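Turn these sequences into a full structure, and let the hints guide you.
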Amino acid sequence: MMSLFRRWSFLLLLFIAVLSILAPFSLSVSPNQEVAPPFSTPLWLKRNLPPTMKITLSENILKKNIAWPYNPPTQIHLSGEITLSVPSALVLETPTQKFVLHHLTVGKNTFDIDGRDLSFKQRLNFSPFAQIPSELFSEKGEYIFRVEPDFSAPPEMRGTITFDIKGGRWGLLGTDQRGRDIFSLFIAGIRVSLIVGISATLLASLLGLFFGLISGYAGGWTDTIIMRGVDILLSIPILPILMVLAAYWGKGLWQLVLILSLFSWMGTARTVRAMTLSLRDSSYIEGLRGLGAPTFYILWRHLLPETLPLLLANIALGVPGAILAEAGISFLGLSDPRIISWGRMLHEAHSFGAFTRGAWWMLLPPGLGITLLCLIFLDLGKFLEEQIDPQLKGALKQ
Amino acid sequence: MTEMKSYWWRRIAGSLLVLFVVLILNFFLFRLMPGDPVATMLDPRFSPEAKAELSKLYGLDKPLSFQFLLYLKQMITFNFGYSFLTGRTVWEELATRLPNTITLLGSALLLSAFLGTWLGIQAALKRGKWIEKIVLWSGAVSFSFPSFFVQLLLLLIFAYAIPLFPLRGSVSVPPPIGFWAQLTDHIWHLILPVGSLVLLGFGGWALYVRNLMVKVLSEDFILMGEARGLPEKHIVWNHAFRTLLPPLLTIFLLSLPGIISGAVITETVFSLHGVGRFLLEAITGQDYPSAGASFYLLALLTIFCNLAADLLYGIVDPRVRFERRGR
Amino acid sequence: MTNTILTANKVSLFYPSRDPKMEGIWALKDISLILKQGESLALIGESGSGKTSLLRVILGLIQSTSGYVELFGENINTCTHHSLIELRRKCGYVPQDPYGSLPPTLSVIDAVAEPWLIVYGRKSRLDAYSKARHLLHTLGITEERLLFSQVRFGLSGGQRQRVAIARALILEPRLLLCDEPTSMQDASTRSEIIEVLNKRVKEGMSMIFVTHDLYLARAAASHGMVLLKGECCEENSTKTLLTAPQHNYTKALVAALPTLSSAIQRDSRTNLLHNQYTP
Amino acid sequence: MIQIIDLSITYITPSKSVFAVNNASLSIPKGEIIGLVGESGSGKSSLLMAIPRLLPSNTEVSGAILLDDLDILSLKKDTLNTIRWKEIALIPQGAMNSFTPVLTIGKHIEEVLTFHMELPPHAIKQRCERVMKEAGLDASYLNRYPHELSGGQKQRAAIATALACNPTFLLADEPTTALDVITQREIVETLATLTKEKDMGLLFVTHDLPLAAQICDKIAVMHEGEIVEKGSPEEIVKNPHHEHTKQLVKALLHLEGEEI
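Protein chains in written order, with numbering that gives the first Met the number 0: chain S, 0 to 397; chain Y, 0 to 326; chain G, 0 to 278; chain X, 0 to 259.
A portion of the hints provided could be inaccurate.
What the hints assert, rightly or not - Derived lysine-lysine pairs resembling DSS-like cross-links, with alpha carbons at most 27 Å apart: (1) Lys53(S) x Lys63(S); (2) Lys214(Y) x Lys15(X); (3) Lys20(G) x Lys4(Y); (4) Lys249(X) x Lys217(X); (5) Lys128(Y) x Lys381(S); (6) Lys4(Y) x Lys106(X); (7) Lys214(Y) x Lys125(Y); (8) Lys128(Y) x Lys76(X).
No lab work stands behind these hints: they were computed from the structure.
These numbers were taken from a predicted model, which means no experiment stands behind them.
Right, here's the structure in full:
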């Protein structure tokens, strides 16, 4: 058992599981929140585009310098709720010009100005068709954004002013078609793949164990019926059935788990049946029964230790199948849109034209995430299989 | 030859049983939809006359058993009624799409099977060499990489970044004139989808064949072949590979449902004009007759290929003709 | 009068075949035998002669189609399930295939001690393990490392068979049924095992020893019965079966068995080719 | 004549290397039956398999195996292939499935004939029928599949296949294991008579000393990788030299109730 804990796949799985549990608390941005303009690229890409940023002025900070080596932003937005002691103006000093954005009177001022408002354009005497953001941020260099008193006395100010600049870049992995942060979506996606993958396979294995044991032990009619059923289920395409069921029944996570397990227990049933048949006929089990050993004893002392490793290997190898099936159904857009999953992310990337923008950073994280999880469970499955018969270890090495 | 006949009859009977189960499943699948069946079967948007005609067509007022028999007749005669979305008969829709799906799946399956088998055999023959490492890794790839992810990537690279292949569709619009032009155009559209399926599929085949071949090569009759002074090539292909064929066909059998299910995803990613994508559109568009018919066709395709592989199995493996082959 | 341990009266067993077109086969036809305490009987026959089925009928593992078996004076067909268990606890059974006769996941010593633990419970564990160790030593398995290795990996075919014999003897059975127990042994260990079994028979254990080798039968048992396709074709002391066989099949068995002594008489090799027997 | 001179075979496994045969010398003249007797694991099968160089790849073989004047160990692959079955044929163990399950028996024999002897098709067909009859099997078995034959029939088919290119030497590796006593007797007799009739040399490997004593002209006894005894059956039984043989003979005679 100890060698399992040193296995890379086990450690990585542990790390991912912990990550997905801690995610809701630790992430600064919640996955559903729209944080930046849609399709913004990750920070480490297309450096000439300005990142989306939020500059705030408050009581003791009335001036902020902004280094601006970028192209002009796409949108700007000014909002604030402050009380002033002295009449002053909200000013943006560019390297060559100076713009008065808004006049502030004494006392309470609340304002919410968007770069596209006509009145704002007229006040700055630009033409109604002008693009305010590219006018204001036309040059690269040092900008200053401050509250400038009309007369010399420095004003006291309470409340905050926020200057939202919507740029083309955001965060570690950019944003999706609704402006949500892809990185937090990606972390949130882990939960669904893990839950669906593991619980669907567990449920399927239990079903398989149940049917396998019955047809193995009972034999005769029940055996033929169950095995005929298994043959039939194995010879029809499962995804179309899953699609229909998922579309009309299984909107929620747990319905999806149920549907997936209903159509993936056949493999385990077959292996368990083969195992029970071979054990049932072996003479030492017959001998033990002959000596009056209770069935529970036989099950606990002999059947379980022999079938357990095979069952665990079966489960580990089944998880990738379930993860891919869930991802497939969500990719086809048949899963519940409120649930964030990697398949869903890929669906939205595909149907909302990630292509026309060449937004490969929207595709890679969920895709590689699914692949990584599958590789982890494949490795765990291989490890468990090697416990059952050691020559398997040799077979792969030589 | 008589045992061969009886074996074949058993296989055909088996397939008919599967077909019957599929029909039952299909029949109940759409009648168990949430909401009352009549409403689901008749699209409210339809005019009263169409509704009356349709309900007569589906015999919705009759008892369930009668409906089932009527349904059976319709399915067998491929008369699937009208699609809610397009108003044309479902069969017309499917008839144009079926050949695309078959060419897509057929070519992908054959290519990945042949490539995989050849690679698997070479990996088993040259143990420890780099070819074996490739097979081991490509096996892991085909079991873990989600098909739609790889396909999206391929599209991004070979259709968007380097516009080598078309971004979408089975045929370019407006379609070129002339049979050969249309054929090459169609093939040009199929290269990326088939390529992606082969890329994803051959690894699984290669790994299976490699493991099987390693086991067969350690058998006594291979050692006896060497003892008989037969050249290595002859032993590998006439003895080892011949013994490999039956289990190889079993892998083919088991992989079929998965591959046909995969058609839905591939056709959606590449927006190909196929049965799979039609099924998806029918489901999302609540168009039940089309959804039911598409599922029925996909299931029929699987059963048909299953039967073909089963009959081939009887020829390839002499042992099977005698006792009932428990799969 | 020493009490009879086992009587089988006209025991027959019919196996119906799964395929309706073919009728079933009679594995056993009217086999009768009586075994007293301290007596040993050799069952001589080839594979398919029904010897294994007879042992399983005697142990009540399968129901005979007709005839009955009395074990320690009780008819196994009519007695209650509980008393059948009690009867079986007085018997030891060494099955033919050494690979199916031992639990693979247990260690060797556990596998031998297990029957004792089932019958007398875990509290007499120390007793069970010392008995098991002693039995394994007498049967030539002495290496300590081997005792604690898993049955599945550590044992050769011959060792596995000896462990199966030890497992059958742990309960000090009053009747031992063994099916070709020395088939995997080479010549020297074969006679050692037979000596161990014969010593037990002298101490009052009755035994049924199944083999296809008449010389082995004579070494292991005083009385012998030859089985051919489920029927008893000859029954006699093993000595006379060897020296004066009556039934054609027994004659063929004796003729077919190569022996060193016959090989070294010069003429025997030339006439080897003449006395053909076709069953 | 096949001469094995100071042959040693070691099996190299990752954990340890095992000495299976330790400079054994043995010669198999034409027209004689040589018995090689030993317990399981004594290296007798490895010695037999070394002759046509059929040992697995993780073995090291030293010494010499001469076929008349040719040293088999140093032969190139394709000359070795011409010798295999043309000069030296192998009869497999009774329990081994030595025929490819998907090919008929006839196909196996035809195959060997086409590769080793230039014969027109009808001559090949005739020859197949002849060797089958010689091995005691009806020609109709030619188009049967291996799984349709009983153990005894399979061994007879193996003998027929071995005779196909009328080799000068036969190597029989425990040909009658897993067969019942009467069939074993018939197979051994067929093998012995054929060897004598066709003046072939037969190396007969078995763990059953009495069986070897029945048909062999000379017997070599192997124990833990070494040939510890050589001689005619009489010498082996009357005055064995090695302790192991003495014990073996004593146990066997005791069993047969013959105290000499």
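Verification of the hints:
1. Our distance criterion of 27 Å between C-alpha atoms is met by Lys53(S) and Lys63(S), whose separation comes to about 11 Å.
2. The straight-line distance between the Cα atoms of Lys214(Y) and Lys15(X) is roughly 24 Å, inside the 27 Å bound, and the hint therefore holds.
3. Annotation: proposed proximity of Lys20(G) to Lys4(Y) holds, straight-line Cα distance about 17 Å (limit 27 Å).
4. Between the alpha carbons of Lys249(X) and Lys217(X) the distance comes to roughly 20 Å, so the proposed pair stays at or under 27 Å and holds.
5. In summary, the hint linking Lys128(Y) to Lys381(S) is supported, as the alpha carbons are separated by about 21 Å, within the 27 Å threshold.
6. For the hint pairing Lys4(Y) with Lys106(X), the CA-to-CA distance comes to about 24 Å; that is within 27 Å, so the pair holds.
7. Annotation: proposed proximity of Lys214(Y) to Lys125(Y) holds, straight-line Cα distance about 14 Å (limit 27 Å).
8. Between Lys128(Y) and Lys76(X), the direct Cα distance comes to roughly 22 Å. Compliance with the 27 Å bound is thereby established for this hinted pair.
Consistency with the previously given hints is maintained throughout, with no hint failing.
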